Amino acid sequence: MQAGDEALLAAQCAGMALELLEIGYSRAFATGYCAFSFTDIAAVCFMPEKVFVQTPGPGAGSRLLP
Amino acid sequence: MSELGFPNAAATTTARLTVDSIRACLEGVVPSVMATCDAQGEPNVSLISQVHYVDGERVALSYQFFNKTRRNILATRAASVAIVDPITLAQYRLTLDFEETQTAGPLFESMKAKLAGIASHTGMEGVFKLLGADVYKVRRIVPIQGSALSPPPLTHNLLTAARRSCERLARCRDLADLFDTALDCLQERFGIEHGMVLMLDATTGRLYTVASRGYASSGIGSEVAMGEGVIGVAAREGVPIRIGHMTSEYGYGAAIRDSAISSGLANVAANDIPFPGLREPHSQIALPIMQGDRAIGVLFAESREAMRFWYEDEDALSVVASHLGAMARLAHQQEEAPEPGACPEPPALQPERTMVVRHYHADNSIFLDHDYLIKGVAGAIFWKLLREHAASGRVEFTNRELRLDPALRLPEHAENLEARLLLLQRRLCERDSCIRIVKCGRGRFRLAIGCELVLEDICATAARQPAL
Chain A
1 MQAGDEALLA AQCAGMALEL LEIGYSRAFA TGYCAFSFTD IAAVCFMPEK
51 VFVQTPGPGA GSRLLP
Chain B
1001 MSELGFPNAA ATTTARLTVD SIRACLEGVV PSVMATCDAQ GEPNVSLISQ
1051 VHYVDGERVA LSYQFFNKTR RNILATRAAS VAIVDPITLA QYRLTLDFEE
1101 TQTAGPLFES MKAKLAGIAS HTGMEGVFKL LGADVYKVRR IVPIQGSALS
1151 PPPLTHNLLT AARRSCERLA RCRDLADLFD TALDCLQERF GIEHGMVLML
1201 DATTGRLYTV ASRGYASSGI GSEVAMGEGV IGVAAREGVP IRIGHMTSEY
1251 GYGAAIRDSA ISSGLANVAA NDIPFPGLRE PHSQIALPIM QGDRAIGVLF
1301 AESREAMRFW YEDEDALSVV ASHLGAMARL AHQQEEAPEP GACPEPPALQ
1351 PERTMVVRHY HADNSIFLDH DYLIKGVAGA IFWKLLREHA ASGRVEFTNR
1401 ELRLDPALRL PEHAENLEAR LLLLQRRLCE RDSCIRIVKC GRGRFRLAIG
1451 CELVLEDICA TAARQPAL
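Residue numbers (the numbering used here), protein chains in the order written: chain A, 1 to 66; chain B, 1001 to 1468.
Incorrect hints may have been included.
Unchecked claim - Simulated pairs of lysine to aspartate or glutamate, EDC-like, Cα-Cα distance not exceeding 20 Å: (1) B:K1384 - B:E1352; (2) B:K1137 - B:E1188; (3) B:K1129 - B:E1100; (4) A:K50 - B:E1456; (5) B:K1384 - B:E1456; (6) A:K50 - B:E1042.
As the list claims (entries may be wrong) - Computed far set for chain A versus chain B, every beta-carbon distance over 12 Å: (7) Q2; (8) G4; (9) E6; (10) A7; (11) A14; (12) G15; (13) L18; (14) L20; (15) S26; (16) A28; (17) C45; (18) P48; (19) V53; (20) G57; (21) G59.
Just so you know, these hints were derived from the structure itself, not from any lab.
As the structure is a prediction and not an experimental result, all values here were calculated from the model.
We put the beta carbon where it would ideally sit given N, CA and C, even for glycine.
My request is simple: use the sequences and hints to build the entire structure.
Encoded structure:
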């Protein structure tokens, strides 16, 4: 983890919780679902080799080619 | 068991998890994450909208598209799914072995209905379409480490509600009492404000409302076609159908009118009793009332609240519907052995009033002073009673003689007759006509006529002209 990562993470999770509230989930659920503990967080650096379609539907799981 | 004979708490918490332990995760509130891999071992992870409860050892996943996940399952027959409890946020990982794909039948239909609700809730109406219910054996359930909330305290016990409801149903005297009590129990024991009982007419394949609660108009006599909406699908498949979010896919109304119009009946507009359901139901549940392996009717409940009915509600209400079916059979058997009893007071005489009763041969529909009353079997029964009364002044009848009357051509499974008589009785009360049918003991009833009647029989060709 680097300096500033924690603040970024907190902002991301708060944003996600807000979206869950907007689509009708309860506050208890939204905050609980997006809760995390800083002691459990690890940063992983990676380089993608292959990319796949993630949108649900007939094309889900197929490889995206440049 | 512990020394004192209480279940051992420690043993309970370490007991093997089954699908029954994690049913709340399978309501479709939170999308699940599914992982598969292809024959070469390349992983694929996707979000899925539905992991459905089948039994204590099986779940079913919705097959909606032929995509990578599908190809992987067919190649390896193995999958792993992560699910979330929407109340406690506890998470579990399921290891699954693919067994089969079902493309029709009760499991398929209950998943299809639930998916329609989920699709509409997520803006995917018309996009999500169930192609199959993929059934998996659950090999292992492992809790995923993480913080979970404690479940909220139980505010009402559904098993107790089912038990008390069954006790009350067991004390009912006849069909009318049974239907009304079932709906009273829904309100008082289950806190369900909007409910109906519909019975199946096996000859027409349509369900008709015999009792309702919580609507501006009772809708008694309104009809639902087999396979239409959650009610029609529950009756056709003999399985509870439940939707947690509003969807137009399972709506009522237009189809009823369309089928009536296409059947060529001229007086369609006049004899269409509106279905009383909520305009915007967010939750609906339809429980088939079974006798043996066939549905004789449907107990229906709905709510403006989303996700009002969960698996536990479905179980408890199924018990009530099942008991209702058993008690209905008993009531039917008792009606077979007529026994005189007290007659309630008939309506007050209105000798100055004259009412025209018109009968259309085409569909046995009956109009009282141009107002639609009833049609079909109940219409035929009513016409027979009035004609007998006109010919001989007779007012007392038995259910049995109607059942044996060849002219009425009642279906073989004629517990339908009691439900039809009840429908007729209630429609007469609601129309505030001067004719009543009052039960006089078991299997007997009296035709009470409080005014002058003019009977008009309209033959088949004349019925092509609208009555109004």
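Comparing the hints with the structure gives:
1. B:K1384 - B:E1352: violated (25 Å)
2. B:K1137 - B:E1188: This hinted pair is violated, its Cα atoms lying about 39 Å apart.
3. B:K1129 - B:E1100: holds (18 Å)
4. A:K50 - B:E1456: violated (81 Å)
5. B:K1384 - B:E1456: holds (13 Å)
6. A:K50 - B:E1042: The hint holds at about 11 Å.
7. Q2: Holds, because the least Cβ-Cβ distance between A:Q2 and chain B comes to about 25 Å, which exceeds 12 Å.
8. G4: holds (25 Å)
9. E6: Answer for A:E6: holds, closest chain B Cβ roughly 18 Å.
10. A7: Answer for A:A7: holds, closest chain B Cβ roughly 21 Å.
11. A14: Holds: least Cβ distance 17 Å, greater than 12 Å.
12. G15: Check passes; 18 Å lies beyond 12 Å.
13. L18: holds (17 Å)
14. L20: Violated, because the least Cβ-Cβ distance between A:L20 and chain B comes to about 9 Å, which does not exceed 12 Å.
15. S26: violated (9 Å)
16. A28: violated (7 Å)
17. C45: Since the minimum Cβ distance to chain B is about 20 Å, A:C45 lies beyond 12 Å and the statement holds.
18. P48: holds (14 Å)
19. V53: violated (8 Å)
20. G57: Non-interface label fails for A:G57: nearest chain B Cβ at 6 Å, not farther than 12 Å.
21. G59: Contrary to the label, A:G59 does not stay out of reach of chain B, its closest Cβ about 7 Å off (not over 12 Å).
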